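A.B. asks: Please model the complete structure; the sequences and the hints are all you need to start from.
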Amino acid sequence: MAKKIVRKVLLMLPVLFLVSIILFTLMEVLPGDAAYGLGSDVSDEYIQQFREEHGLDKPAYVRYLDWVTNMLKGDFGVSLISGLPIIDRIKVRFPVTLELTLLSMIVAVVIAIPAGILSAVKRNTLPDYLTSVLAMVGVTIPPFWLGMLMVLLFSITLGWLPASGYVELTESVSENLTRMIMPALALGTQFAATVTRQTRSAFLETLDQDYIVTAKAKGLPQRVVIWKHALRNALIPIVTTIGMQTGRLFGGAVVIETVFTLPGIGREIVNSILLRDYPVVMALIMIVAFIVIVINTLIDIIHGLIDPRISQSQQR
Amino acid sequence: MKYESNFRKTVKKFFRRKLAVVGLVICLVMLFVAIMGPSLSSYSPSETVVEDRYQPPSSVHLFGTDDLGRDMFARILDGARITVAVGVGSTCIALVAGTLLGLLAGFFGGVFDTVISCFMDALWAFPAIILALAINTVLGPSLLNIFIAIGVVYIPDFFRIVRSRTITIRELEYVIGARAIGQNSISILWHYVLPNMSSTLIVQTTLCCAKAVIAEASLSFLGLGVPLPMASWGSMLKSGYPLLERAPWLSLFPGICIMLLVLGLNFLGDGLRDALDVRIRDD
Amino acid sequence: MKQETNQEYLLEIKDLTTAFLFDGKPVPVTVNVSYGIKKGEILGIVGESGSGKSVTVKSVLRLLPSPPSSILNGEIYFHGQNLLTLKEKEMQKIRGNKISMIFQEPMTSLNPVYTCGNQITETIMLHQHLSKEEALKKAARMLDLVGIPAPESRLKSYPHQLSGGMRQRVMIAMALSCEPELLIADEPTTALDPTIQAQIITLIKELRDSIGLSVMYITHDLAVVAEICDRVVVMYAGMVMEIAEIRDLFHAPLHPYTQGLMQAMPRINQQSEMLYNIPGMVPHATQMPTGCRFQPRCPYATEVCSQACPELVDAGDGHMVRCFHYEKLRKERVQNG
Amino acid sequence: MKMANMKRALAILLVFASLFSLAACGSGTNEEVLATDDDASASVESPATEVSAAETGNGIKRGGVLTVAKMTNITSLDPTKSSSIDNDGFVLAQIFETLLRQDEEGNIIDGLAESYEVAEDGLSITFKLREDVVFHDGEKFNAEAAKFNLDWYISEECGHINYSSELTYVDSIDLIDEYTIRMNMSAVDASILASMTGLCGYMISPKTIKEGTIATNPAGTGAFKVKEYVEGDHVTLEAFENYYRMGEDGKPLPYLDEVVIKIMTDDAVRSANLESGDIDGVDYHGSTNSILKFENKEGFQSHTVPSVNNYFVSFNLNNEVLADIRVRQAMAYAVDRQEFIDVVLEGYGTTVPFVVRKDQWYYSDYNPYTYDPEKAKELLAEAGYADGLTVKMYYISREPDATAVQLIQAQFAEVGITMELEGMDRLAWIDLVRTQKSGELGFGVLANFGYDASRQFNSTTYYVDTTKATRLTELLPKTRASFDRDERLKSLHEYQKEYLDNCYHLFVGQNQRITSYKDTVQNVNYHWYAVAKYDEVWLSE
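Just so you know, the sequences run in chain order A, B, C and D.
Quick note on numbering: the numbering used here labels position 7 of the first sequence as 411, and the sequence is numbered without any gaps.
Quick note on numbering: the numbering used here labels position 253 of the second sequence as 1255, and the sequence is numbered without any gaps.
Quick note on numbering: the numbering used here labels position 333 of the third sequence as 1684, and the sequence is numbered without any gaps.
Quick note on numbering: the numbering used here labels position 411 of the fourth sequence as 479, and the sequence is numbered without any gaps.
It should be emphasised that the hints constitute simulated quantities derived from the structure, not laboratory data.
Given the structure is predicted, the values throughout are model-derived calculations rather than measurements.
Don't take every hint at face value.
To be verified - In silico DSS-like pairs for lysine-lysine, Cα to Cα no more than 27 Å straight-line: (1) C/Lys1483 x A/Lys632; (2) C/Lys1438 x A/Lys632; (3) C/Lys1409 x A/Lys526; (4) C/Lys1409 x A/Lys632; (5) A/Lys526 x C/Lys1376; (6) B/Lys1011 x C/Lys1376; (7) B/Lys1020 x A/Lys526.
C.D. replies: Have a look at this one:
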């Protein structure tokens, strides 16, 4: 098992390297220049000075090498536009996106998996229809629209929840949570819907297996048959879906952070791309990519733990 | 039991599922609307009539009019063409590229496989919207570029599925048998491996169309969806939002259309998955 | 249908009719199945696939999922209790404890993600309330009993690490871990190759002799029946056609279907190239013929066979048969020896 | 099994219906907002109610937090790092103060300098500074501090081209006494006084300049100091206890405890937050939809921000078709500017010939181009395009630009010009149109902060290839060459005439920036360069 984990971790490095290459070429090819980002009434001389000051006129591969060496030294560099170190921005923004994604994952998993199991076990009954309907709606509604409808309903019409803003968890838990409910639900809905549907089909398939009949023939109560024998086998495809979805979650966070004005990484990445502030874009996307890769590796490891067959056979 | 061709049995299984049929109907209607486009309505989608702006849905204007007095029903029809095109276009790109790479990587393995897999993992690690946003900005907004921008995001999905299926199929006897009788690799892939995963691919394609439609809507929320004179349902959704109080129909109708299309695609996808899955008995 | 005194039977099935849903309508798959098994007896249940033999035995432990399947009528008596009316809680106390079952596919009958030890001790602790250590010790003893080498280490291994034969032995160990009175074996050796098949059969026979286990052995293989069974129930198209001692079944089969089965079995010294097979196919549950269900394929079928369905009658010292012409057929066989 | 599916489909439709009825009814609560569209095109004069006169003396309540949302990202809290008023002026104006100020008519009045005196030859200006001013970090504001600031602005080390371009003619600063300094000029520059009321006039605490910590903890002399700054998200400002200006109740300004300025780039999100009460006001509305929403909405007040966006069409003079002035003029005649105001800006705008607002002292109504399609056709025929012409327009894919270009496309079609459209993201557009690399027409916007005429006119050359318009570069310095207003006016009008005659840009119209605040926000006024002043604002609840 350990050998497999080491191999997976080692594989992360080339992937991260490739991410940085793709990222850098994308930013290089973007038309327009960070200098213009400062404002439309910027004089030509200032643009020239700005380029020299930030070494933008150096050839691309030189800039890339500088960036990589700094990155390895842990120096995330400085934003082109504001000149402030990017690490401060990350310290403030990363916890927000992390909390948003974790919350929506928890909201999703805590709701989705039991709902999926319930509708699989009680197939073709009312709870089954209700869950499948909600899951279907969850998948079809575009997240940003769901968020905006929620703002319209809960903030404007009913006035129960604030429409924007963020309060650190350390400052006041209640304030933080009231501001995070809607974003977490808006982001989590699509995630929950997919996980529910996946859980339901995984469970239906598992309950058809022979070893479930054996378990029943051994006189085990229904509860044990489901929560011990069926769950662990069904978890394998469920965990894969959760893994695949987390990658998409960060993408979704970008939109939700804009709808609810949360100071997260997603929104900052969009702004920085539009302003061509490439050091910020590179730093933030590398972090997000790193997290997604770590999560994928974790998912593979969890796979190995759940399913002994995998740790033996060398399935990539 | 008289012998039924496998195809007819699948079709019969498909049509026994009510929801799958509903899904198929919705998709066919959407396709028809997309192909016919604004010609279905007497108004032209871009004709601005300043006097009758913000008219609620009436017999004259089925879906009301927008802030420039354009007939919403015509715009929805026009939007249908663009939204369906984005859904289908980007899915084709993802399908072709993902499947091709998946087959090659899965079948040949070795260094080629590791390199492509790393590249795909790298693409995968990018937050989806950001990749689409960056590609869209680089290539500049045009319909084709939107296809590419959204398509590239879903290539890893197809790649992973095709690759893992190819690895399992490659070990099966009849593939080894085919190789034994001197078939070259390409024809093996084409005749033996690909048909074997056709059912999963069909299901994945329908579901990917649904995801692409929603991805386009999110992109247009960030202001980088389909270039503005063109309006997909997603961009209508966004531009109609501030007017939700003043003219709710501007945002609600595109929203309902998107949800209906995605719903149809999902029902179709589920129906196909059950119908094509040999294991599921027809209870 | 008078039945002998049923105290003699350990378990008795009376007029069991189970149905499955086809296009939403329940269609009977087994009709008025009645037979019983004595203590310490190995009862063979023979029939082509689709004859309803495994549906019947699964109904004994009520393992069939309720939406598609349903029990229309009939009782199953075990120690005087009707299993069909027991509450689920009581039924769970019987399953794996008093009556246990092994299945056909060893590859998929064990849970792939738990060790064999875990799956065996689970039953022991459930029914015999032993502590983990004692359960493990007992499990090891059981594995040893079924002939698995190095039982302690085998407890820790996962099902996919064992061969088909090994897994079937683990299934048997698991089934017998709580000393059940009755073992239902649903085609346990079909999926195994002959050498392993022989070992499993001898194992079951030894268990029957050593711990007085009664076994319901379901198979379609007459050679196995000859090897292991005391008495045999022949089933066809969901109905019991003949019940006979092993000797009578092979030497004086009364029912034309049983005779057909006997002829279809290849003999070592058989000269003719063409193997005999019974013409036609088993009809689908929804297209059952009227009268005797075998009459379309029966060489001796007459008018009456297609009008009414014969009763299962006693043709002498417990040899039951469901055929109008068995008496006539028996005389002809005796004449031409 | 079949019945089950039917039940599932019905349940789905039920959920949809309930989801939308909730949303729809949610939106339809206040009926009177659905104003019919006739008053939308109300006359320009009173599109928004004027601010009620400040309550006198005792009515004022102190304390409270004002939360405001602004549209564009803050580039930096360091004035020398910021190059655009639009992005950062909104925040910097609350923290820093300038040497001089301007009143509504644009006359230069006192600021941190009580008075100023221009020498006879116009080559030196003496500033008499206030003696009761302190920086946020406790440093004293005196002549030495002022000299330090100005020396730094013109120094190589600060190198902020924007400053130096405005301060090109400033030679040196002399220290006269503890509260007097003299600025020596190498040439007469009338706009230096205006510069002293803008970015170049900000007085920053010398301590922070020396330590180079301006961006992280800026220290000015303004009514608020920085409490917290999360880049790209929000700035929290708190009242500066020993601010030298007094309020109506005799105690030091400001009345508010704190001001929170949030960045919300999305207009729909911003108006949702205003409606839900999460924010008390916005810098200005990003779309006419939001203006209409809050125009006469109960509980809100709207007023005009003294700053405008000038929408224009730029011409790439290197393109041989557009090099012909008749083609450019034909296009200028082909555009119906009033329809642009009515349709695209829904009445919230004015048709002006150039970039100057009607209320500014250097406004001139010299306008050679009115809507005249016939003349446009004649000119086109003259230029040899009688049977039509095809051009391509590049624009930024956002509102109102996208709607505007479609309108212009329709109007050009009437005179035989077929126009292809290509939208792109803002920086890609600037890169293309500004460097005149390729492309023919560009649709863009120039913000007019109006704090200095010459600087304002200078921005009209950003999207013109000045090598093809040398006359402009000669006229520009003249517009600032004399302190005498009438003389400046002459050269300013001359510049406008030269510009319009050569039709370097086609000016389509000006939209007023409209903002809305809750009724509880009293006494919002504006700095001369279009930025809200919160030092005299108080909350009635």
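A.B. asks: If a hint holds in the structure, say so; if it does not, say that too.
C.D. replies: Comparing the hints with the structure gives:
1. C/Lys1483 x A/Lys632: 17 Å, holds
2. C/Lys1438 x A/Lys632: With Cα atoms ~23 Å apart, C/Lys1438 and A/Lys632 stay inside 27 Å; holds.
3. C/Lys1409 x A/Lys526: Holds, because 22 Å separates the two Cα atoms, which is no more than 27 Å.
4. C/Lys1409 x A/Lys632: 23 Å, holds
5. A/Lys526 x C/Lys1376: 21 Å, holds
6. B/Lys1011 x C/Lys1376: 20 Å, holds
7. B/Lys1020 x A/Lys526: 20 Å, holds
In terms of the numbered hints stated before, the structure departs from none.
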